[in-house]
Amino acid sequence: MSNKKAKLLQGNEACVEGALAAGMRFFAGYPITPSTEIAEISSQKLPALDGKFIQMEDELSSMAAIIGGSLAGIKSMTATSGPGFSLMQENLGYATIAEIPCVIVNVQRGGPSTGLPTSPAQGEIMQAKWGTHGDHPAITLYPNSVEEIYNTTITAFNFSEKYRVPVVLLLDEVIAHMREKVTLKDTSEITIIDRKKPTCSAEEYVAYRADDNDNIPSMASFGEGYRYHVTGLVHNETGFPTNDNKVADKLIRRLIDKVENDIDNLSIYEDYKTNDAETVIVSFGSVSRSAKSAVNELRNNGKKVGLFRPITIWPTLEKQILEISKKAKTIYVAEMNLGQYYYEVERIAGKYCNVKKINKVNGELITPNEIISVINGGN
Amino acid sequence: MFQKIEIRLSGSGGQGLILGGIILADAAIDDGLNAIQSQSYGPEARGGASKAEIIISKEDIYYPKVMKCDLLLCLTQKSYDKYIDSLNKSGILIIDECVEIDKNASYKTYKLPIIDTAVNEVGTPMVANIVSLGVIHEVCKMLNEEVLKNSIVKRVPRGTADLNIKAFEKGKSLVKG
Chain A
1 MSNKKAKLLQ GNEACVEGAL AAGMRFFAGY PITPSTEIAE ISSQKLPALD GKFIQMEDEL
61 SSMAAIIGGS LAGIKSMTAT SGPGFSLMQE NLGYATIAEI PCVIVNVQRG GPSTGLPTSP
121 AQGEIMQAKW GTHGDHPAIT LYPNSVEEIY NTTITAFNFS EKYRVPVVLL LDEVIAHMRE
181 KVTLKDTSEI TIIDRKKPTC SAEEYVAYRA DDNDNIPSMA SFGEGYRYHV TGLVHNETGF
241 PTNDNKVADK LIRRLIDKVE NDIDNLSIYE DYKTNDAETV IVSFGSVSRS AKSAVNELRN
301 NGKKVGLFRP ITIWPTLEKQ ILEISKKAKT IYVAEMNLGQ YYYEVERIAG KYCNVKKINK
361 VNGELITPNE IISVINGGN
Chain B
1001 MFQKIEIRLS GSGGQGLILG GIILADAAID DGLNAIQSQS YGPEARGGAS KAEIIISKED
1061 IYYPKVMKCD LLLCLTQKSY DKYIDSLNKS GILIIDECVE IDKNASYKTY KLPIIDTAVN
1121 EVGTPMVANI VSLGVIHEVC KMLNEEVLKN SIVKRVPRGT ADLNIKAFEK GKSLVKG
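Protein chains in written order, with my numbering: chain A, 1 to 379; chain B, 1001 to 1177.
No lab work stands behind these hints, which were simulated from the structure alone. Any given hint could turn out to be false.
To be verified - The list that follows gives simulated cross-link-like pairs (lysine-lysine, DSS-like), each with its CA atoms no further than 25 Å apart:
#1 K273/A - K329/A
#2 K319/A - K351/A
#3 K351/A - K329/A
#4 K1154/B - K5/A
#5 K1058/B - K360/A
#6 K303/A - K250/A
#7 K1108/B - K1082/B
#8 K45/A - K1154/B
#9 K1004/B - K5/A
#10 K250/A - K129/A
#11 K185/A - K1058/B
#12 K360/A - K1082/B
#13 K52/A - K5/A
#14 K1065/B - K273/A
#15 K1111/B - K1078/B
#16 K273/A - K1058/B
#17 K329/A - K304/A
#18 K1068/B - K1004/B
#19 K1058/B - K5/A
#20 K1065/B - K360/A
#21 K1154/B - K185/A
#22 K303/A - K356/A
#23 K304/A - K357/A
#24 K1166/B - K1154/B
#25 K1176/B - K1103/B
#26 K1111/B - K1141/B
#27 K1166/B - K1176/B
#28 K1065/B - K357/A
#29 K7/A - K1154/B
#30 K7/A - K1176/B
#31 K273/A - K129/A
#32 K7/A - K1065/B
#33 K7/A - K1141/B
#34 K1004/B - K7/A
#35 K1058/B - K1082/B
#36 K1068/B - K1108/B
#37 K1089/B - K1108/B
#38 K273/A - K1004/B
Keep in mind the model is a prediction, meaning the values are calculated, not measured.
Working from the sequences, and respecting the hints, build out all of it.
In structure tokens form, the structure reads like this:
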């Protein structure tokens, strides 16, 4: 790591830098604490890159705008917090069924409703998956440092482009607002994935005919001469609505399969000293930093403790959690809610080991000592 | 040389303490160390007690918040009352002369006319943050002075570099006496 390139960056700033490096050239949003800097910095940086920034009247339209931007072939993003994320859910479902790549950043704060505007919380783990109605795939990523926000934002764009799904990037207020030492990759070190474009002529193009190998259709940009229909209704391969049960079944299964069948390529996580661990802490985002401190301190006192940190929150990392559950005696799921990811872990690991909760919902980050005292107390 | 130092800068909103914290963290990184800067938001960010937190370390920093600080700066009575309990018993306390403190405390205390120096010797209360950095530097000598000055010049509003460097020097001389 050359120290020359190391600099002090804020989490929200790193998110914009990552998005721009990934090729984001359209941002639509409605500012809300603690995500505001993402909109602010996007508005400052996009014009110089021939990009567009638009402040919309609310979050419903922000989500609609980035769907439009992406359909026109421009990588698009919005950023919000809990209250705005709730308003985005309907159009997020639209992007899911219409298979429109885009990135939605949710810098979480205390909820429900307007909740605790300036305090951290991790209350949208389940909403990131099930906030929009209907059966659907979801890809959700959750970084835990300013540098990782940069890298993970790029990954979020890559996944959205590759699978043609809206990708949710969950951030914590703690990391979004703090400034930290980062060393950003050169553009030459970054892999960029762009959506699959049609190789046939406009006349031959069938917009929602997926390739057999990956279940993903190629995507023409509006304005390129390829005409097709986009709808939130269940549709056939041409994109026009249908009530045909067979078509509906095939579509919903394909939407989920294109993501779930490729889980190995979507699984990003940190495995820290879990090999010989009798106790494993599962946590993500800012809490995982407290957990890592706790692991180091407990190890210094001779306790065999490890940390499993999912960066990919959805789809669930079943294989990795199952493997840990067969080695560990107890898993503690530490999160700033009263138990959300816990139920995923319990479902997978509960058969093989104890699964317990460490929770906090007062608007403060869980501290290393709080984790240590629970583990030492054996509760 | 220290392994890790946790610093809390406190005062009232508008005294530039968050910028002061950013400058310290920025300089620490340019000096080859690790650093994290965080701040409090919300109602207290305007007028009330405001704080900036900085952790500087030779090693990786995981938990990003300051718990017990090693150095506490208080520019107002209100911020002293609110944060004094967060200072380590063996910590360093730097306060403006307007702050009344518990005389029996064990902290190594520097009570200095920081705000007065900013107003009357540099010419504006807005540089109280940089006068404070001068004081902190002279007390701790934890960062290379040239690196710290570079960070000040880099981060303060354009056209105010000379004014702020003057404020930094005035802060240093407050400690030297």
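The hints, checked one at a time:
Between K273/A and K329/A the CA atoms are separated by roughly 15 Å; this keeps the pair inside 25 Å, and the hint holds. A C-alpha spacing of about 14 Å is found between K319/A and K351/A, which places the hinted pair at or below 25 Å, so the restraint holds. With a CA separation close to 11 Å, the supplied pair K351/A and K329/A stays within the 25 Å bound. Under the criterion of a C-alpha separation no larger than 25 Å, the hint pairing K1154/B with K5/A is consistent with the structure, at around 16 Å.
At roughly 30 Å between alpha-carbon atoms, K1058/B and K360/A are farther apart than 25 Å, so this suggested pair is violated. A hinted pair counts as satisfied when its Cα atoms are at most 25 Å apart, and K303/A with K250/A does not qualify at roughly 51 Å. Among the hinted pairs, K1108/B with K1082/B is consistent with the structure: their alpha-carbon atoms are about 19 Å apart, no more than 25 Å. With a C-alpha separation of about 19 Å, the suggested pair K45/A and K1154/B falls inside the 25 Å cut-off, and the hint holds.
Between K1004/B and K5/A, the direct Cα distance comes to roughly 22 Å. Compliance with the 25 Å bound is thereby established for this hinted pair. For a cut-off of 25 Å, the pair hint linking K250/A to K129/A stands: about 21 Å separates their Cα positions. In summary, the hint linking K185/A to K1058/B is supported, as the alpha carbons are separated by about 22 Å, within the 25 Å threshold. At most 25 Å may separate the alpha-carbon atoms for a hinted pair to count; K360/A and K1082/B meet this at roughly 23 Å.
Among the hinted pairs, K52/A with K5/A is inconsistent with the structure: their alpha-carbon atoms are about 28 Å apart, more than 25 Å. Proposed proximity of K1065/B and K273/A is supported: the alpha carbons are some 24 Å apart, at most 25 Å. A hinted pair counts as satisfied when its Cα atoms are at most 25 Å apart, and K1111/B with K1078/B qualifies at roughly 16 Å. For the given pair, K273/A sits about 22 Å from K1058/B by alpha-carbon distance, which is consistent with the 25 Å threshold.
For a cut-off of 25 Å, the pair hint linking K329/A to K304/A stands: about 11 Å separates their Cα positions. For the given pair, K1068/B sits about 12 Å from K1004/B by alpha-carbon distance, which is consistent with the 25 Å threshold. The suggested pairing of K1058/B with K5/A holds, with an alpha-carbon distance near 18 Å, which does not exceed 25 Å. Pair hint K1065/B plus K360/A holds up; C-alpha atoms about 16 Å apart against a cutoff of 25 Å.
At roughly 23 Å between alpha-carbon atoms, K1154/B and K185/A fall within 25 Å of each other, so this suggested pair holds. For the hint pairing K303/A with K356/A, the CA-to-CA distance comes to about 18 Å; that is within 25 Å, so the pair holds. Annotation: proposed proximity of K304/A to K357/A holds, straight-line Cα distance about 19 Å (limit 25 Å). Restraint check for K1166/B and K1154/B: satisfied, since their Cα atoms lie roughly 15 Å apart, inside the 25 Å limit.
Of the supplied pair hints, the one linking K1176/B and K1103/B holds, its CA atoms being roughly 22 Å apart against a limit of 25 Å. Of the supplied pair hints, the one linking K1111/B and K1141/B holds, its CA atoms being roughly 18 Å apart against a limit of 25 Å. Straight-line distance between C-alpha atoms of K1166/B and K1176/B comes to about 15 Å, which keeps the hinted pair within the 25 Å bound. Using a Cα cut-off of 25 Å, the hinted pair K1065/B and K357/A holds, with the two alpha carbons roughly 22 Å apart.
At roughly 12 Å between alpha-carbon atoms, K7/A and K1154/B fall within 25 Å of each other, so this suggested pair holds. The suggested pairing of K7/A with K1176/B is violated, with an alpha-carbon distance near 32 Å, which exceeds 25 Å. Between K273/A and K129/A, the direct Cα distance comes to roughly 29 Å. Violation of the 25 Å bound is thereby established for this hinted pair. Under the criterion of a C-alpha separation no larger than 25 Å, the hint pairing K7/A with K1065/B is consistent with the structure, at around 19 Å.
Simply put, K7/A and K1141/B have alpha-carbon atoms about 22 Å apart, close enough for the 25 Å limit, and the pair holds. The suggested pairing of K1004/B with K7/A holds, with an alpha-carbon distance near 19 Å, which does not exceed 25 Å. Using a Cα cut-off of 25 Å, the hinted pair K1058/B and K1082/B is violated, with the two alpha carbons roughly 29 Å apart. The hinted pair formed by K1068/B and K1108/B meets the criterion: a straight-line CA distance of about 15 Å does not exceed 25 Å.
At roughly 9 Å between alpha-carbon atoms, K1089/B and K1108/B fall within 25 Å of each other, so this suggested pair holds. Distance check on the hinted pair: K273/A and K1004/B sit about 24 Å apart at the alpha-carbon level, within 25 Å; holds.
Of the numbered hints listed earlier, those contradicted by the structure are 5, 6, 13, 30, 31, 35.
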